[in-house]
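Colleague: Residue numbers (the UniProt record's numbering), protein chains in the order written: chain A, 1 to 500; chain B, 1 to 171; chain C, 1 to 330.
Calculated from the structure, these hints are not laboratory results.
Remember, predicted model here, so these are calculated numbers, not experimental data.
Glycine is no exception: its CB is placed at the ideal position from the N, C-alpha and C atoms.
Check each hint, because a few of them may be wrong.
Covered by chain B, according to a simulated footprint, are these stretches of chain A (three or more residues, beta-carbon under 8 Å) [unchecked claim]: (1) 299–308; (2) 379–387; (3) 421–428; (4) 446–455.
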Amino acid sequence: MDALSYFFMAWLDPRLLMLTAIGTFAGIYVGAIPGLSVTMAASILISFTFTWDTNSALALIAGVFLGGVYGGSRTAILLNIPGAPSAVATALDGYPLAQRGEAGKAIGLGTVMSVIGGFVGIIALAFAAPVISSFALMFAPRDYLLIAIIGILLVGSLASSSLAKGIFAAALGVVIGLVGMDPMTAQARFTFGNFNLMGGISYVAAMIGFFGVAEVLYQMRTIDAASVKQKIGRMLPEWSLIRKYIPLSLRSSAIGVTIGALPGTGGDIASLMAYDQAKRTVKNPSRPFGKGAYEGLVAPESANNAAVGGAYIPMLTLGIPGDAVTAIIIGALYIHGLRPGPLLMVETPHLFWFVVGSLTLANIFLLIFGLGGIRLFAKMVELPKGIILPLIVVLAVVGTFAVQNSITDVYWMLAFGIVGYFLKVYGFPVAPIILGIILGPLMDLSYRRAMISVRDDPGRFLLEFITNPLSLVLTLFFLLIVISQTPIWKRLWQFRAKSA
Amino acid sequence: MTSPSENPAIDPLLSTERGRLPGEIIFAFLGLVLSLVLGYQAWTISGFSGLSTAGIFPMLATGTMVISALFVVMGNVRNNPEYQDNWLTMFFADVLAPRIIVFAVLMTAYLFALQPLGFVISSFLFLFAGMAFLYRRRYLMLLALSAAAIAVVYLLFRYVFVVILPRGIFL
Amino acid sequence: MIRKYVIAVGFAATASVAFAQDYPEREVLGVIMWGAGGATDVVARAVTPAAEEALGTSIVMLNRAGASGAIATTYVATAPADGYTLLYGAENPQLYGVTGLSDLDYRDFYPVNILGRGIGVIVAGPDAPWDSMADLIEDAQSRPGEIRMGSTGPGGIPFTIGAMMNSVVDYDVTAVPFEGEGPGLTALQGGHVDFMPVGASAAADLIAAGTVKALAVFDTEEVDALPGVPPITDDFPELESLLPWGPFYGVWVRQDTPDDIKTTLTEAFATAAAGEDFHRIMSARSNIVMNISGDEAQAFLDQWQSATTWALYDVGAAENSPEDYNIPRP
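The whole structure should be built from the sequences, with the hints applied where relevant.
Modeller: What follows is the structure, encoded as structure tokens:
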């Protein structure tokens, strides 16, 4: 009873209702601008709320968080520049859709799937938080290593024309991700003695460079071609289409919640893994993956919004941030005089239901704001290239600079853009680079942590992959993916299909 | 051109969908050189002194780069060129057309002007020059559009997102 | 060329005079050396609203984490010394010399305010077989290297406390480094490491909830925030000469900032750090408010640096000798 009244608190108080709406709206548009991350939006907005009461702050953040994660996909679909790392996977099929004149439909479908994913995340938070959080604690360093390795197998799916080029790109990404001071030993890696490189290369600079600026240069080749005429009939996706993808959306959301709840992994990895899962399990996609398959849009969009609910789980039950945004929320809760931690649910149980309620509300606003204004956005793609390309460059510069006020990052962004152009021309996929940047550090740190824990004993290291139940499940899962990818298996599959 | 999926005999590591482009071998070779340089750097971090050192993953990643770059170079050498003329002429006609060079130079100039001129002036100059170069008509409209776009971006970032953009002498 | 240079210097000089008179005439940039949501970040964001009010301008906060804060430290050290770039930092720069990270330390900056300090506490998993630090050390001696200690890399709190412990008693554990105290404590709760020395602000709530067990406070007496946890000196009285020791947080500007700007900033932050809100947040995080500046702060910094660097050096945990950086032996 009490729970219910706290759940609806944000719905009934006009001020809280407004704040949630404003947060969601602002989140969508901040998230859509590359370089302006949800993390940044949250930290700016939270500092406004220091003098407010806690509930207002939490309502605003819930909106910003859900809106921001979703907003990143806008620019990914329209311009092939993911607004945030969690939208990298969305660009893979979203942008080809826009190039076919289906930008509006892509955004519409993405919105609905984000909302479904969001609800799955919220339901998991509301009813399974204690179970999921104790499950998340079970993940040892070697399990994180396995997750990262399963994630890196995605290269096989991303490399369309040549596997060697895909592997090269992913390995290059891992190297870029490792640049800087090693957090474990403080040794400099790939810094060439340059102090500016000690803090590493901002992955936002790499993302904007390899996707955005490289794409701008690539578009120069066809500058005189007319812009793609967008189909602006029905923007709302048909119910039959939505219904068809609900099973895939639910599967992807489950991945999103789990990865989101793990401390140290978030929506970026969740959406890439969901994309990989879709590519492996969907037998007859609407179009080949990477060429504008609806499935390739549904999976990451569901997963990254489901990861939001997931990220709240360890934060509210254990006081452990599930990702960077929840880390900021924890800091804000302290400033508001609360003590986020294992006692939060005991001392302030109403807070939990209030958060669940405002997230639900924000998710509803997401549906409304997300489906509105699509026509205008779709029209953006129709602007003449001669006008839109220089604008993208300015946006890329400001976005990169905004991450940490660093002009060096902007130079990197340009360098990555030019290299990225050549990579694109010569048939290297750029998405594996981002995959490598995101997963490289996770692999490196998890592997070394696992190895140090067994005092550099390789025998014990390998043994633990089969003696620990959780690791064993992940190991088997990894082997299954590898075997199903090998040519022998494929040939067997084809043979069976033929004889059947 | 045949698609590799229709021809399972092609080694997936070496498959390419099209003929070799001008400059492709050199690019792949540069990739190999970069891999080797980075590989040496990775080795200097901690050598082979242990199983959990800071250098393990760098060596693994750069080793992978070297091997995959070798495959790419080999694939390119085996592949037939898609062009007949002198490769350099074709390179500047197709891969690195003058328009792309000019725009890349414009972008570079823009970045280096950011600090001395400040964000507002350098971005305005770049935006107008870029649009004028690519769009080549209705210059007055472009001028107004550039000014408006910069104003929106500046006000948004400066006052809403409180990002302190590079300041020049005036703005 | 030379004339140009002279003009530039003249221009800069007049500009800085003009700045000093009506400081602050625009917003100030506050660079935080650790990530959003971390201990330093929370302290910085807790003091800033009141400092903005006292200063009459807004402070734009920027998290520039990386290289144990050396990136942010260098950023502020190379920004103009006009009082428009502040460094929100923790204790780390005092160890840059001996850990070989950078030649900078807080002697290159003026302490506007040392806001407060934290206390170290050694925690173990809830089911750990030890009830005191002496139990733990004894167990570690009987099976060298088998016990896993959560760490945060060289120069971090676990690393330093571990080194200080090693200076009084000989034992061998395996240090598993994490990106920060939070991830380390998460691994501790999951049983992936066995114990971890951390700042009390990160662990107080976990101790209260019983999800981790406190073995000892790294101080000479029991502290209010952690009732019932014995001080480390109960088991190891030899540590007394090194204590009190712990992380600290504060605000710095470049040493060569004009004096009147230093004064303006010092006054503003002294007011802010005396505020009720700030005290409430600090005590919620089990931190102790210090609110000191100028010579008093400098003396504190020097004492901390000399005690810590020499302790690290003596157990072989430092890369360079403190002597090379003119740090006197305590």
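Colleague: Against this structure, judge whether each hint is valid.
Modeller: Going through the hints against the structure:
1. With a threshold of 8 Å between beta carbons, the proposed coverage of the stretch 299–308 of chain A by chain B is violated, since 0 of its residues qualify and at least three are required.
2. With 4 residues having a Cβ less than 8 Å from any Cβ of chain B, the stretch 379–387 of chain A passes the three-residue criterion, so the hint holds.
3. Coverage of the stretch 421–428 of chain A by chain B holds [criterion: at least 3 residues with CB-CB distance below 8 Å; count 5].
4. Restraint check on the stretch 446–455 of chain A versus chain B: 4 residues with Cβ-Cβ distances below 8 Å, three needed, restraint holds.
In summary, the one numbered hint that this structure violates is 1.
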